[in-house]
Structures are given as C-alpha cells and as structure tokens.
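Number of protein chains: 2
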Amino acid sequence: MKLMEEKILSEGKVFPGGILKVGSFLNHNLDCDFLLKVAEEIASLYKDSGATKILTVESSGIAIAALVGAVMHIPALFAKKHKTTNIGGEVYAAKVHSYTHNTDYTIVVEKEFLTSEDKVLFVDDFLAEGNALLGLLDICAQAGAKPVGAAIAVEKSFQSGGKKLREAGLRVESMAIIESMESGNVKFRP
Amino acid sequence: MKLMEEKILSEGKVFPGGILKVGSFLNHNLDCDFLLKVAEEIASLYKDSGATKILTVESSGIAIAALVGAVMHIPALFAKKHKTTNIGGEVYAAKVHSYTHNTDYTIVVEKEFLTSEDKVLFVDDFLAEGNALLGLLDICAQAGAKPVGAAIAVEKSFQSGGKKLREAGLRVESMAIIESMESGNVKFRP
Numbered sequence: 006m007k008l009m010e011e012k013i014l015s016e017g018k019v020f021p022g023g024i025l026k027v028g029s030f031l032n033h034n035l036d037c038d039f040l041l042k043v044a045e046e047i048a049s050l051y052k053d054s055g056a057t058k059i060l061t062v063e064s065s066g067i068a069i070a071a072l073v074g075a076v077m078h079i080p081a082l083f084a085k086k087h088k089t090t091n092i093g094g095e096v097y098a099a100k101v102h103s104y105t106h107n108t109d110y111t112i113v114v115e116k117e118f119l120t121s122e123d124k125v126l127f128v129d130d131f132l133a134e135g136n137a138l139l140g141l142l143d144i145c146a147q148a149g150a151k152p153v154g155a156a157i158a159v160e161k162s163f164q165s166g167g168k169k170l171r172e173a174g175l176r177v178e179s180m181a182i183i184e185s186m187e188s189g190n191v192k193f194r195p
Numbered sequence: 006m007k008l009m010e011e012k013i014l015s016e017g018k019v020f021p022g023g024i025l026k027v028g029s030f031l032n033h034n035l036d037c038d039f040l041l042k043v044a045e046e047i048a049s050l051y052k053d054s055g056a057t058k059i060l061t062v063e064s065s066g067i068a069i070a071a072l073v074g075a076v077m078h079i080p081a082l083f084a085k086k087h088k089t090t091n092i093g094g095e096v097y098a099a100k101v102h103s104y105t106h107n108t109d110y111t112i113v114v115e116k117e118f119l120t121s122e123d124k125v126l127f128v129d130d131f132l133a134e135g136n137a138l139l140g141l142l143d144i145c146a147q148a149g150a151k152p153v154g155a156a157i158a159v160e161k162s163f164q165s166g167g168k169k170l171r172e173a174g175l176r177v178e179s180m181a182i183i184e185s186m187e188s189g190n191v192k193f194r195p
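Residue numbers (the working numbering), protein chains in the order written: chain A, 6 to 195; chain B, 6 to 195.
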C-alpha cells in the first residue's frame with residue numbers, strides 16, 4: 006500500500022536495534038483518517054474471505070481492528086494480556102514471547118466469543134518475529150475456528166514472522182514490508 | 006442514547022460489587038457496527054466543540070476513540086499505562102488509582118502529540134470513580150491543552166466520577182447512565 010510506505014517515510018523514526026517508531030499515526034497518536042483508509046484497503050483485500058470475526062491483541066492492534074470491523078460489518082475481538090499463566094474461568098489462553106521486551110506473557114480470549122463457526126481475520130499493527138500472531142493462531146486452534154488470513158500494517162521482513170506464517174500456509178497481507186532499516190534508511194520490498 | 010441502554014439490557018451481565026460485564030460488545034468482543042453508531046452519536050453531540058484531538062487510555066477506550074476520531078476527522082491519542090521501550094523522549098505522566106484493582110498505575114503521553122493548541126475530547130468506555138479521566142485532565146493541564154468535554158459509553162452514577170467532573174465544570178455526555186444495579190436489575194437515569 007503506497008500510502009503506508011509514504012506515511013512511514015514521512016513520519017516514521019528509525020532507532021538502533023531495528024526499532025521503527027510510528028507513534029505519530031499508528032500506535033500512540035492515531036491518525037484516524039489515515040487508519041480508516043488502511044482499514045478499507047484491508048477490507049477490500051479480504052472481501053471474499055468469508056471472515057466472520059477480526060482477532061487482534063491489545064493494545065496497539067485494537068484501533069485498526071475496530072476500524073476494519075466497522076468497514077467489514079463484523080465484530081473485532083481483542084485478546085487480553087496477562088502477566089501470569091494462572092488464569093481461571095472459561096478462557097482460551099496462549100503464551101507469547103515478546104521479542105521487544107524479552108519477556109513472556111499470556112494472552113486470553115473468553116471462550117464464548119470465539120467458536121468453531123468463526124472464520125478469523127487476524128489484524129495487527131506490526132509483524133516482526135510473529136509471536137503474537139502465533140499465539141492468536143493457537144487460540145484459534147483451541148476454539149476450532151478457521152483462520153482466513155492476517156492483515157498487518159507494517160511487516161519487518163528482516164525478522165522471521167512473515168516467512169514462518171506464510172510457510173505455515175497462512176495468507177499474510179502487509180500494508181508495507183520493510184526489508185531493511187540500515188543507517189536509518191527504510192527500504193521497502195518492491 | 007436509547008440504543009446503548011437496550012444493548013446493556015440485552016447483553017450486559019451484572020455481578021456482585023457493582024460490576025457490569027459488557028465484554029460481548031464494548032471491551033473484549035467489539036460490536037463494531039454498534040460502536041460506529043455510538044461514535045456517530047458522540048460526534049454529533051460534540052460537532053460544535055472545536056475538538057482537535059480525542060484523548061483516551063489504553064486499552065478499552067481505544068476502539069471507541071478511534072471510531073470517534075474517524076467520524077470527526079481528528080486524531081485519537083491514547084495514554085499508555087506503562088512506559089515501554091518503544092516510548093522515547095519526553096512524556097507527560099499522571100498517577101491513576103484503579104478502583105477495580107485497588108492499585109496505582111501511571112499513564113503517559115508523549116509531549117509532541119499534545120500541545121497548548123489542542124482542544125481535547127476525552128473518550129472512554131466506563132466512568133465510575135473517574136480516576137482515569139482525572140489523570141487525563143492532569144495530562145491536559147500539563148500540556149496546556151483545553152478540555153472541551155468527555156464522552157462516555159457507560160456511566161455509573163452511583164459512583165462519584167461523573168458528579169466530581171461535572172462539578173469541576175467539565176461537560177460530560179454519557180451514552181447510558183446507570184443509577185443502580187441492585188439484585189442484578191439495571192436501572193437507568195431517565
């Protein structure tokens with residue numbers, strides 16, 4: 006998506022360690038007009054997918070997920086983050102390793118909101134190592150729900166998440182795919 | 006807002022201790038079609054406010070905030086509950102006491118995203134003791150930004166937040182105001 010690449014080039018800030026800051030429009034200050042265009046693009050790509058539900062993880066996936074849900078007229082479910090694995094009640098849970106913070110956390114979804122009838126479109130702001138998405142796939146499998154694909158705002162193809170997920174057979178559509186960010190220069194996959 | 010009251014009556018679940026669970030449409034599984042209607046109502050109420058920015062707190066305020074921002078064509082900024090490695094630079098911070106979890110936490114907003122030029126509309130899913138909103142007001146004051154009002158999905162008028170904020174001169178518009186939930190019966194303010 007040309008618009009996403011332009012936005013990253015004009016507003017993104019690159020920091021050492023492969024960190025791209027896009028807080029001015031994607032995950033702190035939300036440029037809602039821009040994100041609605043992103044949501045419309047995602048909805049268009051997945052219009053024939055039969056998706057019945059958006060699935061994301063709090064917090065930074067929620068805004069895009071809600072907008073995609075509004076455009077596609079389907080609900081958006083967000084998995085909640087817990088610090089402990091000791092979770093009771095009727096929930097599906099999966100452990101996720103955070104590459105950024107080098108720590109593990111657990112994501113949970115209440116069972117009543119995800120069933121074997123659901124066809125699930127994953128939405129998230131970033132795809133790097135893909136651990137959050139693998140956790141969501143795990144939760145989907147527990148529910149017997151069918152994944153139809155993933156829609157990502159920004160993928161970093163120099164990390165392994167996108168490769169892993171595509172090799173596992175998941176359709177992954179990223180609005181921008183960053184190949185490298187060396188010396189602060191963002192290079193996109195053509 | 007009649008639609009919000011009907012939704013609470015048909016899908017809300019009341020638990021002891023004044024807890025209302027609305028995870029089926031508001032803060033876990035998001036009914037995006039419904040939330041867009043809520044956002045349109047909020048945008049209509051504040052159409053002459055001159056608001057330049059939505060301000061909310063992660064996580065459960067983000068979905069409504071993003072939708073209101075999309076309808077009003079203004080950005081939505083969400084305060085983060087923990088300082089992460091992805092937040093660099095200077096931040097405004099405020100301490101918030103969580104009534105639900107009986108613990109304190111800090112909310113932060115990067116200074117560059119809130120300035121003295123901003124007219125701020127607060128958006129959140131719940132208003133009970135009002136502590137999160139007081140934290141956002143504190144952050145606004147630090148930035149020199151002007152609050153124009155608050156838009157709340159569900160207010161509990163048997164807790165003191167709404168009263169405190171209105172007495173402090175803030176315009177507060179709640180889509181549903183719950184007066185009592187005794188014996189599991191939800192009663193709205195007429």
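Warning: the hint list may mix true and false statements.
A pair holds if it fits inside one copy or across any two, identical chains being indistinguishable in the list.
As the list claims (entries may be wrong) - Below, simulated DSS-like cross-link-like pairs (lysine-lysine); rule was C-alpha separation at most 27 Å, straight line:
#, residue 1, residue 2
1, K124, K192
2, K192, K52
3, K85, K192
4, K168, K100
5, K52, K86
6, K42, K7
7, K116, K18
8, K192, K18
9, K7, K85
10, K7, K26
11, K26, K124
12, K116, K7
13, K116, K26
14, K7, K100
15, K168, K116
16, K192, K151
Simulated from the structure, these hints should not be mistaken for laboratory data.
None of the values given here were measured: they were computed from a predicted structure.
For each hint, the structure was consulted:
| no. | hint | result |
| --- | --- | --- |
| 1 | K124 to K192 | neither (34 Å within a copy, 37 Å between copies) |
| 2 | K192 to K52 | neither (29 Å within a copy, 41 Å between copies) |
| 3 | K85 to K192 | neither (33 Å within a copy, 29 Å between copies) |
| 4 | K168 to K100 | within (20 Å within a copy, 41 Å between copies) |
| 5 | K52 to K86 | neither (29 Å within a copy, 35 Å between copies) |
| 6 | K42 to K7 | within (11 Å within a copy, 30 Å between copies) |
| 7 | K116 to K18 | between (39 Å within a copy, 16 Å between copies) |
| 8 | K192 to K18 | within (13 Å within a copy, 50 Å between copies) |
| 9 | K7 to K85 | neither (32 Å within a copy, 29 Å between copies) |
| 10 | K7 to K26 | within (19 Å within a copy, 41 Å between copies) |
| 11 | K26 to K124 | between (32 Å within a copy, 25 Å between copies) |
| 12 | K116 to K7 | neither (38 Å within a copy, 29 Å between copies) |
| 13 | K116 to K26 | between (34 Å within a copy, 15 Å between copies) |
| 14 | K7 to K100 | neither (34 Å within a copy, 40 Å between copies) |
| 15 | K168 to K116 | neither (29 Å within a copy, 37 Å between copies) |
| 16 | K192 to K151 | neither (34 Å within a copy, 40 Å between copies) |
The structure shown violates the earlier hints numbered 1, 2, 3, 5, 9, 12, 14, 15 and 16.
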